[in-house]
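Asker: These are the residues of each chain, in order.
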Amino acid sequence: KAGVTQTPRYLIKTRGQQVTLSCSPISGHRSVSWYQQTPGQGLQFLFEYFSETQRNKGNFPGRFSGRQFSNSRSEMNVSTLELGDSALYLCASSLAQTGGTSGGFGTQYFGPGTRLTVL
Amino acid sequence: SQKIEQNSEALNIQEGKTATLTCNYTNYSPAYLQWYRQDPGRGPVFLLLIRENEKEKRKERLKVTFDTTLKQSLFHITASQPADSATYLCALADSTLTFGKGTMLLVSP
Numbered sequence: 001k002a003g004v005t006q007t008p009r010y011l012i013k014t015r016g017q018q019v020t021l022s023c024s025p026i027s028g029h030r031s032v033s034w035y036q037q038t039p040g041q042g043l044q045f046l047f048e049y050f051s052e053t054q055r056n057k058g059n060f061p062g063r064f065s066g067r068q069f070s071n072s073r074s075e076m077n078v079s080t081l082e083l084g085d086s087a088l089y090l091c092a093s094s095l096a097q098t099g100g101t102s103g104g105f106g107t108q109y110f111g112p113g114t115r116l117t118v119l
Numbered sequence: 001s002q003k004i005e006q007n008s009e010a011l012n013i014q015e016g017k018t019a020t021l022t023c024n025y026t027n028y029s030p031a032y033l034q035w036y037r038q039d040p041g042r043g044p045v046f047l048l049l050i051r052e053n054e055k056e057k058r059k060e061r062l063k064v065t066f067d068t069t070l071k072q073s074l075f076h077i078t079a080s081q082p083a084d085s086a087t088y089l090c091a092l093a094d095s096t097l098t099f100g101k102g103t104m105l106l107v108s109p
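Keeping their order, the protein sequence lines are chains X and P.
Start counting the first sequence at 1; every next residue gets the next number (the working numbering).
Start counting the second sequence at 1; every next residue gets the next number (the working numbering).
FYI, nobody ran anything at the bench for these hints, they're computed from the structure.
Quantities reported herein were computed from a predicted structural model and do not represent experimental measurements.
The C-beta atom is built at its ideal place from N, Cα and C for all residues, glycine as well.
Any given hint could turn out to be false.
[To be verified] Quick partial rundown of chain P residues pointing at chain X, CB under 8 Å, derived from the structure:
id	residue
1	GLY43
2	GLN72
3	LYS101
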């Protein structure tokens with residue numbers, strides 16, 4: 001089975017621009033989560049989508065948004081980029097069927113990430 | 001506030017020894033806890049999951065313990081090898097999945 005794929009792998013943008021990142025989950029996985037990883041803050045949860053619905057959301061500003069398509073592929077969008085948005089953005093897919101406190105996240109299968117640099 | 005703490009200092013050990021990594025947390029009631037391995041420039045890779053009602057889980061040379069009273073998980077790698085050198089992350093699941101910042105393990109020959 002093919003793993004999680006993310007495109008593009010590297011991206012350079014300037015402040016104020018917007019960016020869209022793409023994630024294709026493992027076949028059969030309906031849950032897709034996005035994370036931001038920086039040296040200072042570590043790996044931080046952005047949001048999770050399941051069957052085209054945002055099921056969980058982390059503590060990030062509204063400039064960060066996402067969506068999931070009927071084939072479970074997901075996109076993440078960041079508008080009005082700031083220097084602090086420079087990070088490795090990781091997507092993870094999961095077989096998890098249930099959400100929230102019942103342990104719905106399950107095992108996360110991560111993609112290779114998109115390295116975003118904001119100048 | 002909620003906090004997950006992993007030792008920020010790298011753990012240096014010799015090949016063949018047992019590595020023990022610690023994950024402490026406060027103000028969480030996690031349904032389960034996971035451990036991941038991350039190599040430089042790559043996404044984390046899942047290793048083990050342990051539920052709140054389990055005390056210990058093993059997989060080959062790996063062992064995880066989970067003490068909800070102490071609010072602590074210990075991750076052990078026995079007979080460590082240089083190939084085990086990586087950053088190890090713990091993650092707690094309640095309404096979201098929250099990761100610690102990880103501990104770098106360096107195994108020297």
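Asker: Hint by hint, note whether the structure agrees.
Answerer: Results of checking the hints against the structure:
no.: 1; hint: GLY43; verdict: holds (3 Å)
no.: 2; hint: GLN72; verdict: violated (19 Å)
no.: 3; hint: LYS101; verdict: holds (4 Å)
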